[in-house]
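**Q** Assemble chain B onto chain A, guided by the hints.
Protein chains: 2
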Amino acid sequence: MKLIEGGVCAAKGFRAAGLHCGIRKNHTKKDLALIVSDAPAAAAAVYTRNLVKGAPLTVTKSHLADGQARAVICNSGNANTCNADGIEIAEKMCALAASRLGIAPEDVLVASTGVIGQPLDLSPIEAKMDALAAALSSSGSADAAEAIMTTDTVRKEIAVEFSAGGKSCRLGGIAKGSGMIHPDMATMLVFLCSDAAISPAMLQKALSTDVQKSFNMLSVDGDTSTNDMVCLLANGLAGNPEITEEGEDFSAFMEALNTVTVWLCRTMAGDGEGATRMLECRVSGAPSEADAKTVAKSVICSSLVKAAMFGADANWGRVLCAIGYAGVPLDVSRVDLSFRSAAGEIAVCKDGAGIPFSEEQAKKILLETEIEILISLNAGGASATAWGCDLTYDYVKINGDYRT
Amino acid sequence: MKLIEGGVCAAKGFRAAGLHCGIRKNHTKKDLALIVSDAPAAAAAVYTRNLVKGAPLTVTKSHLADGQARAVICNSGNANTCNADGIEIAEKMCALAASRLGIAPEDVLVASTGVIGQPLDLSPIEAKMDALAAALSSSGSADAAEAIMTTDTVRKEIAVEFSAGGKSCRLGGIAKGSGMIHPDMATMLVFLCSDAAISPAMLQKALSTDVQKSFNMLSVDGDTSTNDMVCLLANGLAGNPEITEEGEDFSAFMEALNTVTVWLCRTMAGDGEGATRMLECRVSGAPSEADAKTVAKSVICSSLVKAAMFGADANWGRVLCAIGYAGVPLDVSRVDLSFRSAAGEIAVCKDGAGIPFSEEQAKKILLETEIEILISLNAGGASATAWGCDLTYDYVKINGDYRT
Chain A
116 MKLIEGGVCA
126 AKGFRAAGLH
136 CGIRKNHTKK
146 DLALIVSDAP
156 AAAAAVYTRN
166 LVKGAPLTVT
176 KSHLADGQAR
186 AVICNSGNAN
196 TCNADGIEIA
206 EKMCALAASR
216 LGIAPEDVLV
226 ASTGVIGQPL
236 DLSPIEAKMD
246 ALAAALSSSG
256 SADAAEAIMT
266 TDTVRKEIAV
276 EFSAGGKSCR
286 LGGIAKGSGM
296 IHPDMATMLV
306 FLCSDAAISP
316 AMLQKALSTD
326 VQKSFNMLSV
336 DGDTSTNDMV
346 CLLANGLAGN
356 PEITEEGEDF
366 SAFMEALNTV
376 TVWLCRTMAG
386 DGEGATRMLE
396 CRVSGAPSEA
406 DAKTVAKSVI
416 CSSLVKAAMF
426 GADANWGRVL
436 CAIGYAGVPL
446 DVSRVDLSFR
456 SAAGEIAVCK
466 DGAGIPFSEE
476 QAKKILLETE
486 IEILISLNAG
496 GASATAWGCD
506 LTYDYVKING
516 DYRT
Chain B
116 MKLIEGGVCA
126 AKGFRAAGLH
136 CGIRKNHTKK
146 DLALIVSDAP
156 AAAAAVYTRN
166 LVKGAPLTVT
176 KSHLADGQAR
186 AVICNSGNAN
196 TCNADGIEIA
206 EKMCALAASR
216 LGIAPEDVLV
226 ASTGVIGQPL
236 DLSPIEAKMD
246 ALAAALSSSG
256 SADAAEAIMT
266 TDTVRKEIAV
276 EFSAGGKSCR
286 LGGIAKGSGM
296 IHPDMATMLV
306 FLCSDAAISP
316 AMLQKALSTD
326 VQKSFNMLSV
336 DGDTSTNDMV
346 CLLANGLAGN
356 PEITEEGEDF
366 SAFMEALNTV
376 TVWLCRTMAG
386 DGEGATRMLE
396 CRVSGAPSEA
406 DAKTVAKSVI
416 CSSLVKAAMF
426 GADANWGRVL
436 CAIGYAGVPL
446 DVSRVDLSFR
456 SAAGEIAVCK
466 DGAGIPFSEE
476 QAKKILLETE
486 IEILISLNAG
496 GASATAWGCD
506 LTYDYVKING
516 DYRT
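The listed protein sequences correspond, in order, to chains A and B.
My numbering puts the first sequence at residues 116 to 519.
My numbering puts the second sequence at residues 116 to 519.
With the rest of the complex left out, here is chain A (with noise of 0.2 Å):
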C-alpha cells in the first residue's frame, strides 16, 4: 500500500467539483460540491447519534436502502437541520443533480453543514446547478474538498494505491472538520471513493468496523454534531474479483480504508476549532479493547488536560484524573504515563504516583504540534487510540463571538 494524489478522484471513475453557488455570503469561499462515480457504486454510510438529525441524513439514509449510490452533493453554509422542509428541500437536492446527471435521484446521497434552523434556499443550487456538473473532473477533488469546509483553516483529502484480488485498487477521500460556521455548529463530514469491487454487505462492514477505532475515536469538543455523516463508495472499476466475504482482501481493503481513516481524523483533530496542537492518546495494558477506548476518550475529552495541553503543560495530574473518573474499573496504583513528541519522550507518573522529571525538557516536548499521550494501565493486553486537539482561546473566540 502507498500513499498517491488524487484524493476522493483517485480512483478510477470518480469525477469531482466544488464552487461557490451562493449559499455563504462570503463570494470567494465554495459552497457546493458534487462527486460521481461514471459507473454504478456500493454505498455504505454511518450517521450521527444525535437524535436531532439534519434532514440530508434521513434523504441519504432512504436513498442507500439499496446498498447503491453514484454521486454525492454536498453544501456549506446552511445545515438544513430542523427546518419544516429540510427533507423536501434535501429531496430536491438529489433531484436536482440526478436530472443534471441522468441518473436516478434514489442514487445521490446528500449532507449539508452550516447553520441550524435557517431554511436552506434553493435557488443558488439550481442556478449552479449546470456549472457543477460541467466542471466534474478527475482532478477536481481540491475544489470539493474546498467546498465543504466551514471553519477548516486547511482541506483535507487523501488517498491510498492497494492490491486486491491481484488488481491494484486505489481509495481515496476528503473530509471537512469539527468547524464553526456562522453561526453554527461543528459538523464531521467524510467522502470516501473506491475503485474496488467490494459488496455492499461488505462495504457497510467495512465502514461500520472502521469508524469504531478512526471516526468514533476523534473529539474535539465534545459535542456530536446533528450532521455527521461518512460515505463510502465503491464502483469496482479496479476489476478486483468482488470482495462478498472476509479474507485476504477484504483485509487489505480494511487496511486501505484504516488508512485513509486514521490520516483524516490527525488532520480534523489538529485542526479542531481554535486549536493549536493535535493530540494523540494511546493507551495501552488494558483489560478490554473497550475499556482502553474509554480511557482514551475521557482523556482526550477533558477539557483540563487540553487546556494543559495549550499550556504545554506537563500537567500529568489531569491526566490520571481523567483516567480515574473514564467510569472503567482500574487499579490506580499501577498506571505508567509519559509524554511523546517529534522533541523525545519522557515519564511523568509510575505506578500512579509522579516522578522526578526535567520540566525544561517536558515543556520542549510539549511544544510541538502532534502530541502523544501514553498510558500503560498494566491490567491487560488490550489497546486503543483517540485523537484530540488542545482548548484555546480562539476556540471560545470562535464559538462565543460569532453569532451577533
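Honestly, I wouldn't trust all of these hints.
One copy or two, it doesn't matter: identical chains are merged, so the pair holds either way.
Using 27 Å as the maximum straight-line C-alpha spacing, the simulated DSSO-like pairs for lysine-lysine come out as follows [as the list claims (entries may be wrong)]: (1) Lys465 / Lys207; (2) Lys144 / Lys207; (3) Lys478 / Lys512; (4) Lys478 / Lys140; (5) Lys465 / Lys176.
Don't read these hints as lab results, they were simulated from the structure.
**A** Below, chain B alone, put in the same frame as chain A:
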C-alpha cells in the same frame, strides 16, 4: 425557614477559624481551616466518584465509619493526592488537630485541595496548629471559608434557620468551588454544620439524597476532581427530639439542607473558573427524573452551549444538539425551548424547530449574569435542574497558562 448570618458557625456549638500557615507562597492568602463542634456530632459525607482519590478522602471515610465526628481540618495549596505518603500525612493532620483539641483523632475529618502529586509538608500545619485552635470562634466562618478558597473569587457561606420537633434549628455551610490552583485541578469542598439532633443513619440518608439534586447536578468543566467531598455534621444542640426516621422533622431538615446546598451550587457555578455567567438549565416534561437530569446535565456540559452563553448568543441549535446527544430516547419534534433572565423570557424553539424571535431582546436577556435555559420535552411529568457556567477566555487562561 429563613436565611440567617453565621455561615458554618450559625448552628449552636460550632466554631471555626482560618489562617495562613505557609503551604501557599502567597502570604496574604489563608490556607488552613478548622471547624469544631463543642459537642459530639453525627456526621455524614459523600465523596468524588473518581477512582483517583485524594488521601484525605480515604482517611475521612475511615474516621466516619462510626457516623460521628467533632472537627474538620482542611488545607488549600496542596491536594495531598498521588503522594506515596499521603495517607500518613492526612492521618497526622488529624492527630495534630485532635491533640490540640483534646479529642480522638478518629473524630477529625480531613480535606485538602490544591496541587496534585507534590508531597504535603506537615511542618507549616504543625507550627500553626496552636494559633489555629486559639482563633476558633463562633464568628470564624468567613476566615474558614477564605482558607479553603483556591481560584474562587468570592467567599461562599450561607445558613438557614428552620423548625424541627418544636425547636428552632440551624444549618449552615461553607464551600469552595471549582477553582484551579498553581498548578492543579478543580476540587469542590463543602462543609455543612447543623445543631439539629439527627441520627447518623438519617443524616447520611439526608445528604446522599440531597446531593442527587444539588452538587451532582453542578458542572463547571466536566472534570470530576480527585478530592471532591461534602461533609455534614449535626450536634443536636438545638434540643429537638432526635430525628431517627422519615417524617415531618426529617422533611424540614431536608428542606433546610436543600436550600443551603442549592444556594452553594448556584454560587459555585457562577464563580466557576473564568465564568461571567451562571447557567441554570431546567428540564420539564420528561418521562422520568433520571431522563430530565441526563438532558439537563448534557446541556450544561456542552462546550458549544457554554461558549455561546459567553457570547450572549441565543444559539438554540446548540442546546437542541446537546439534548439530542444526551443519550435519552425522546421525540425531538416535541421539544420547546426558551431563555430567561432578570431581563425577561424569550421562546426560541417550538416543536423542535426554530420560531421567529427578536435577536435584540434575546441579547438583552442573555447579557444578564444569571441565565435560565428552559426546556420542555412535552413527554411526561418529571423535571430536573442543573447548574453550570459559560466557557470563557479566562477559563483557558487559568487552566492553560499557570503551571510553568
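**Q** Each hint: holds or not?
**A** Outcome of the hint check:
1. Lys465 / Lys207: between (59 Å within a copy, 25 Å between copies)
2. Lys144 / Lys207: within (23 Å within a copy, 66 Å between copies)
3. Lys478 / Lys512: Intra 26 Å, inter 17 Å, cutoff 27 Å: intra and inter.
4. Lys478 / Lys140: Close across copies (23 Å), not inside one copy (43 Å); limit 27 Å.
5. Lys465 / Lys176: Answer is between: at 26 Å across copies they meet the 27 Å cutoff, but 48 Å inside does not.
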